[in-house]
Structure formats: C-alpha cells, structure tokens
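K.L.:
Spelled out from the first residue to the last, the chains are:
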Amino acid sequence: MAHPGRDHLPGSRRIVNRLLPIQSPFPIRVALLLSLLFWGICFLLPLALMFLVSLISRGPYGGLEWTWTGENYVRLADPLVIGIFLKSFLYASGTTIVCALLGFPLAYCIARSSRAWQQWLLVLVMIPFWTNFLVRTYAWVLIFRADGVINGFVKFLGWTGDPIPLLFTDFSVFVGLVYGYLPFMVLPLVAALERISIHLEEAARDLCATRFRMFWHVVIPLSKPGWVAGAVLVFIPSLGAFITPYLLGGGQSLMIGTLIQQEFLVARDWPFGAALSFGLMGTILVLWGWLGRKSTEQAAG
Amino acid sequence: MELCVRLDRVSKRHGTTTAVNQVSLEIQRGEFFSLLGPSGSGKTTLLRLIAGLDFPDQGHIYIQNTLVNAQPPDQRPVNLVFQHYALFPHLSVYDNVAFGLKMRRQSSKKIQSAVGKMLELVRLQGKERRFPNDLSGGEQQRVALARALVNEPVVVLLDEPLAALDQQLRQSMHGELKRLQQELHSTFICVTHQQDEALMLSDRLAVMSAGTVLQVGTPQELYHTPHSTTVADFIGLSNTVTGVIAGGEGEICWMRKEGLPPFKVPRPVHPISSERVTVMIRPEQLAIGCGSSTSVSENSIPGIVEKTVFNGNEIFCHVRLSTDVLWVVRMPSSTFRTQLLAIGQPVQVEWLIQDGIIFPVHGVS
Numbered sequence: 001m002a003h004p005g006r007d008h009l010p011g012s013r014r015i016v017n018r019l020l021p022i023q024s025p026f027p028i029r030v031a032l033l034l035s036l037l038f039w040g041i042c043f044l045l046p047l048a049l050m051f052l053v054s055l056i057s058r059g060p061y062g063g064l065e066w067t068w069t070g071e072n073y074v075r076l077a078d079p080l081v082i083g084i085f086l087k088s089f090l091y092a093s094g095t096t097i098v099c100a101l102l103g104f105p106l107a108y109c110i111a112r113s114s115r116a117w118q119q120w121l122l123v124l125v126m127i128p129f130w131t132n133f134l135v136r137t138y139a140w141v142l143i144f145r146a147d148g149v150i151n152g153f154v155k156f157l158g159w160t161g162d163p164i165p166l167l168f169t170d171f172s173v174f175v176g177l178v179y180g181y182l183p184f185m186v187l188p189l190v191a192a193l194e195r196i197s198i199h200l201e202e203a204a205r206d207l208c209a210t211r212f213r214m215f216w217h218v219v220i221p222l223s224k225p226g227w228v229a230g231a232v233l234v235f236i237p238s239l240g241a242f243i244t245p246y247l248l249g250g251g252q253s254l255m256i257g258t259l260i261q262q263e264f265l266v267a268r269d270w271p272f273g274a275a276l277s278f279g280l281m282g283t284i285l286v287l288w289g290w291l292g293r294k295s296t297e298q299a300a301g
Numbered sequence: 001m002e003l004c005v006r007l008d009r010v011s012k013r014h015g016t017t018t019a020v021n022q023v024s025l026e027i028q029r030g031e032f033f034s035l036l037g038p039s040g041s042g043k044t045t046l047l048r049l050i051a052g053l054d055f056p057d058q059g060h061i062y063i064q065n066t067l068v069n070a071q072p073p074d075q076r077p078v079n080l081v082f083q084h085y086a087l088f089p090h091l092s093v094y095d096n097v098a099f100g101l102k103m104r105r106q107s108s109k110k111i112q113s114a115v116g117k118m119l120e121l122v123r124l125q126g127k128e129r130r131f132p133n134d135l136s137g138g139e140q141q142r143v144a145l146a147r148a149l150v151n152e153p154v155v156v157l158l159d160e161p162l163a164a165l166d167q168q169l170r171q172s173m174h175g176e177l178k179r180l181q182q183e184l185h186s187t188f189i190c191v192t193h194q195q196d197e198a199l200m201l202s203d204r205l206a207v208m209s210a211g212t213v214l215q216v217g218t219p220q221e222l223y224h225t226p227h228s229t230t231v232a233d234f235i236g237l238s239n240t241v242t243g244v245i246a247g248g249e250g251e252i253c254w255m256r257k258e259g260l261p262p263f264k265v266p267r268p269v270h271p272i273s274s275e276r277v278t279v280m281i282r283p284e285q286l287a288i289g290c291g292s293s294t295s296v297s298e299n300s301i302p303g304i305v306e307k308t309v310f311n312g313n314e315i316f317c318h319v320r321l322s323t324d325v326l327w328v329v330r331m332p333s334s335t336f337r338t339q340l341l342a343i344g345q346p347v348q349v350e351w352l353i354q355d356g357i358i359f360p361v362h363g364v365s
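From first to last, the protein sequence lines stand for chains A and B.
Note that the first sequence covers residues 1 to 301 in my numbering.
Note that the second sequence covers residues 1 to 365 in my numbering.
Hints in this document: simulated from the structure, not taken from any laboratory.
Backbone N, C-alpha and C define an ideal beta-carbon position, used for all residues, glycine too.
Among the clues, some could well be false.
[Unchecked claim] Using 30 Å as the maximum straight-line C-alpha spacing, the simulated BS3-like pairs for lysine-lysine come out as follows:
| no. | chain 1 | residue 1 | chain 2 | residue 2 |
| --- | --- | --- | --- | --- |
| 1 | B | 307 | B | 264 |
| 2 | A | 294 | B | 117 |
| 3 | B | 264 | B | 178 |
| 4 | B | 117 | B | 127 |
| 5 | B | 127 | B | 109 |
| 6 | B | 257 | A | 224 |
| 7 | B | 127 | B | 102 |
| 8 | B | 178 | B | 127 |
| 9 | A | 294 | B | 127 |
| 10 | A | 155 | A | 224 |
| 11 | B | 178 | B | 110 |
| 12 | A | 224 | B | 127 |
[As the list claims (entries may be wrong)] Examples of chain B residues lying across from chain A (beta carbon under 7 Å, computed):
| no. | residue |
| --- | --- |
| 13 | 77 |
| 14 | 86 |
| 15 | 244 |
| 16 | 245 |
| 17 | 246 |
| 18 | 300 |
[Stated by the list, open to error] Chain A regions said to be covered by chain B (calculated; three or more residues, Cβ under 8 Å):
| no. | region |
| --- | --- |
| 19 | 200-214 |
| 20 | 217-223 |
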C-alpha cells in the first residue's frame, strides 16, 4: 500500500481531501473550502440565475415568462444600445486617463514623502470613503446647479448673464466619475511607486537623464503594476457606474449602468436588463483577453 | 599633473548634523583616490556632492576647473557606481549599459559599438539580453561599472563598490577595478570603509572622520607616518603607550611610563608643547626575542604572553607589558613559534627605535 494511512481517515476528511486536492494542513483546507462555498453561493449562483433570466421573455406586466428566447441578446445590436455602449466606453476610458494624469503626481508626492507625512496624506485620500458615495455625489449637485457654488461665485465676480449650465451635462458626469474613482488610481500607484528605490531615480539622473526623461524611462515603466491595477479599478466601475450619470447627468447622459438600472426598475424588463449586463461583462472579458494577449506578445517580442 | 576635482572648504548639513565639514581636497587626473572612514564619517555625502545628487551648503566644487556647485547631475561629466548598483530592473544588461548614451542622444551605431566594447572590457559578452535580477552579484557589479564607464566620464565615483560581494569575489574584483582604471586612464574616486581595500587600490587616499578629512596621502604615508592616533587606529592595527618624554641625546629621547622600564623613542620632528606623548608601533614591527642580543638601536621590554591568535599564515601574540599595557605582536606563523608562545610564558618584546611614531597628547589626561 502506498498510503497506509489513507483508508483510516475519517469520512469528513476524505471528502475534504477529495474536494480540494492541494497540499495544505487540514484546517486550512476546510477554511478554503468554506470560503469557496461562500463565493460560489453568493457570487456565481446569482450570476447563473441572471444568465437564465437573460434568456427568457418579459411578461406583459413586467413579470418573467419562462419561454426561452435569444431575442434579448439580439436587441443589444440596436444602434441606440450600441451608442450607449460606445459612449460608456469613451467615458470610462476618459475617466481612466484623467485619473491617471491627475493621480500620478499625487501618488508620486505621497510615495516620496516622509513616513509620518505619508500616513496623513493617505488618510486624506481615503477620507471620502468615510461618507456614502450617494451623499458625495449630491454634494456635486450642490456645486454644479444653477444656484450652486460655482454659479454663485461667478455671480459674485460680477457675471450678470444666465447661470452657466453645468449640472446635467456630459461635463458634470465626467467630473463626477473622475472624482469618484481617483482614489482607486492613487492607492495602487502609491504602492507601486513606493517600491521603486530612490537610487534608481538618482542613477537615471546621474546617467544624464533630465527630470522628465527619468520619469519617462524609469519611474513610469517601473510603476507599471500600479498603472495596470489602477486602470482596472477605475475603468471597470466607471463603465458600469449608474449613480453618477443618474444624478449628475439627468436624462441627457445615459450610460450602460443607468440603462441597466432603468430596465430593471423603471421599464421592468428584467430579461433585457440581464442581457445588457452580460453584454457588458462579455465586452470587458473580450477586451481583457485582447489586452492580456497583447502584453504577453510585447513581453515575448 | 592635471587637476581633476577640487573641493574648496565644502560643507553639507543634514538637518542639525554636519555631514561634511569644511573639506578641501585636490584630486589629480588619472588617480585612484579613496575616501576611507567609518560609516557616518561623511564620505558618501562627499561623493554625492561631487555627483550632484546633493548640493553643498558652503564651499566650492570644481570639476576640471569648472565650478559645478549648482549643476544638476545630468550635466556633470561624472558617473556614480551605486553601492547596491541601482541597475534598472526593467532593462536588459545591454539597455542598462546603453542608458547614459541614449540619454545623451548618441547615434544608435555609436551606442552599439561603445556598449559592445564596454561589455567586452568587463567580460560580460553574451549576457546582453539578460536582466539584472538573473545575474550573480559579481556580474551585477560589472554591469554597474560598465554602465558608468561607457559614458567616458571625467571622474568615476564608486560608493562602496565591493561591499555587497563575498570575500573571494571581492579579491578578484580588486584586480578588476585596478585593471579597468589603468586601461581607461580614468580618475576613480572610491568610498570605502575597508582599509585593506583602500590601501591596495589607491594611489592616494583621504581618511575621514566626523565629516572632516584627517589626513591625505599615499597608502605608505598614511600607514607609516600617520598624523594622529585616529588615523593610525583606522589604518591597520597599532600598539600605543602614553608616557612622558624625559631627556635623551640627539635624535633619540627617553620615554617613561609607570610600570614599564624606560625605553627609547625618536625625537619628535616638531617641538611638542606638552611633555606627554603617545608612541605607536605597528604589530609587525615588534618581535619576540630573548633579550640577550639587543643592540643600541633597539628597545626590549619584558612581558608575559596572554594569548595567541592563529589565522593560518600569521600569529597574533598578545603580550602584557604592564597592568594597563597590552600589545599585539604579529609574526609569520610556524609550528616552532606556536610552541614557544605558551600562555604565561615570559618574553621580551623588541623593536627598532625608529619604528616608534610619536604623537603629542592634547588636553588633560
């Protein structure tokens, strides 16, 4: 017998061993199994249910009718829907780029400040999370609206014309998105920049690199893990954002998130809402796969 | 000789501590110059001031007779080899070495030939495509050297270049460093706390302590005629005894010290204000003798062997001369001597009078 002890294991252990064939102590395997179970039930199960919903028809009064159809996915090809998809991708890309441009100098300052300062600056970056996102977005409504902070200030400066339209514009949605997701760019960037030895920067300067070229050739490439993590953390949530476009964009500025929300809650067309969600997820996965392949090609070539 | 780097009363403070204090140095073209001192003596700060990574609070730095005080590092004709190499981990060996030339926008043809030549010089041909993390410590060291040397700097600055290497590798790199410096006829300024390294490699060296330069000279000058006990202690081992000068004729005086028989020391070159002096003798200038055949030019003092330390090729024999004087005698090892130097054995410690070096004792003791 190769494993004399195996036959004498109690039944529960045998089951755990079979379900999770990895080399770890038994209690750790039990904990892993429980967490897998939790994620399975709380994440995959709802997802599977929604996938089923996306394949059935809407009832006449907004209920679900269990007849199988692919029609919901066909409706994704509607130019209106495609337009909203494209616009959302544009917004999300723009948000990611602006967050990166604004986030990098901030992250660099935080990463290169002294330990004591660093803690305080990081707290400042995270303070917004202490309040509800909805409340913070309403604050932007107060800032942008016709009698809001900005227009009040402009008036104070002597402007007598009509209030500048700020709220319910593409601009206000964009500002809201950048505001909301900037910390998700800053935090991974700080972590990545902090790991770059100051000596590498000095070496670049010593080797005749100007300040700008030092950043371009050394700091930015070396902080790539931070850029990638930050871009993912900003791009994906801003793609599916719905509170910001809903509150700051009004009816004018529909994004995928708001569209999905409307299908579920206003139009009560759950199957189409579900199909929209899976369309979004599919697009992200395809994009991800394409980027991944491209970066491995780059690394190989 | 042509002056390459000149420091004129350069000072640099870090917060409240003075890292470099009124340092003046002149380094000639083609010299291998070392800054030797314990950690915290300001030698690395001095190197960074020359590189332009720090800027002096006071004083002037000249490189080839040009004042460079305010010049940023990318405009100075110097390159630094960092203590932990600071190789760019995202660039291959080739791109690391080519970095400086690329930054100076040299033509790719020129870069290719210069980098190729340099990699050959540091014996790294065939490793161009490797990344720094795949290299051994010695190879990384050579990439760091090549990366600095390929720019043909007026001065190459080295910050503890061999500190991260193991003993064996360090010895082979000694030769390598010296070879590179001589082949390229370049000026090297090297910071180290390893006195043997500094003595072996340098044409001249400066001993630093607490931000000031204590003495500048050739390795021989510093070893055999140190200006102070601090320098003597830092370079090599030294035996000292402090006593009072008492009479004597010509070039030789008598020195008295409680607990020891009077012995002869050379007359101090400069007249000494205090009568109290310290005499220093190197361990290898002492010998263990029988005391029967001492000539007039020798001293002989009785003592008792307290312990012997054997390191293979040498024996260090610790001899107690009095309650507060314990000297170390260094001699080539041999089985015969080891047997002779049993602990508790009474012996005679002998040395040539001229080998004693006199330092005045300042302050009250």
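K.L.:
Are the Cα atoms of residue 294 (chain A) and residue 117 (chain B) separated by 30 Å or less?
P.N.:
violated (35 Å)
K.L.:
Can you verify the interface hint for residue 244 (chain B): is its Cβ closer than 7 Å to any Cβ in chain A?
P.N.:
violated (52 Å)
K.L.:
Checking hints one by one. Is residue 77 (chain B) an interface residue toward chain A, by the C-beta closer than 7 Å rule?
P.N.:
Violated - the Cβ of residue 77 (chain B) stays beyond 7 Å from chain A, reaching only about 10 Å at its closest.
K.L.:
Quick check: the region 217-223 of chain A, covered by chain B? Criterion 3+ residues, Cβ under 8 Å.
P.N.:
holds (count 4)
K.L.:
For residue 224 (chain A) and residue 127 (chain B), compute the direct alpha-carbon distance and say whether it is at most 30 Å.
P.N.:
holds (25 Å)
K.L.:
Would the hint on residue 245 (chain B) stand, with a C-beta cut-off of 7 Å toward chain A?
P.N.:
violated (52 Å)
K.L.:
For residue 264 (chain B) and residue 178 (chain B), compute the direct alpha-carbon distance and say whether it is at most 30 Å.
P.N.:
violated (41 Å)
K.L.:
Is it true that the CA of residue 127 (chain B) sits at most 30 Å from the CA of residue 102 (chain B)?
P.N.:
Given pair residue 127 (chain B), residue 102 (chain B) holds - Cα atoms ~19 Å apart, limit 30 Å.
K.L.:
Verify the proposed pairing of residue 178 (chain B) with residue 110 (chain B), using a straight-line Cα cut of 30 Å.
P.N.:
Within the cut-off at roughly 26 Å; holds.
K.L.:
Would the pair residue 307 (chain B) and residue 264 (chain B) pass a check requiring their Cα atoms to be no farther apart than 30 Å?
P.N.:
Holds. Residue 307 (chain B) to residue 264 (chain B) sits at ~26 Å (cutoff 30 Å).
K.L.:
Take the C-alpha atoms of residue 117 (chain B) and residue 127 (chain B), compute the straight-line distance between them, and say whether it is at most 30 Å.
P.N.:
holds (13 Å)
K.L.:
For the pair supplied as a hint, residue 257 (chain B) and residue 224 (chain A), is the alpha-carbon distance within the 30 Å limit?
P.N.:
This hinted pair is violated, its Cα atoms lying about 70 Å apart.
The structure is inconsistent with the numbered hints 2, 3, 6, 10, 13, 15, 16, 17, 18, although it conforms to all the rest.
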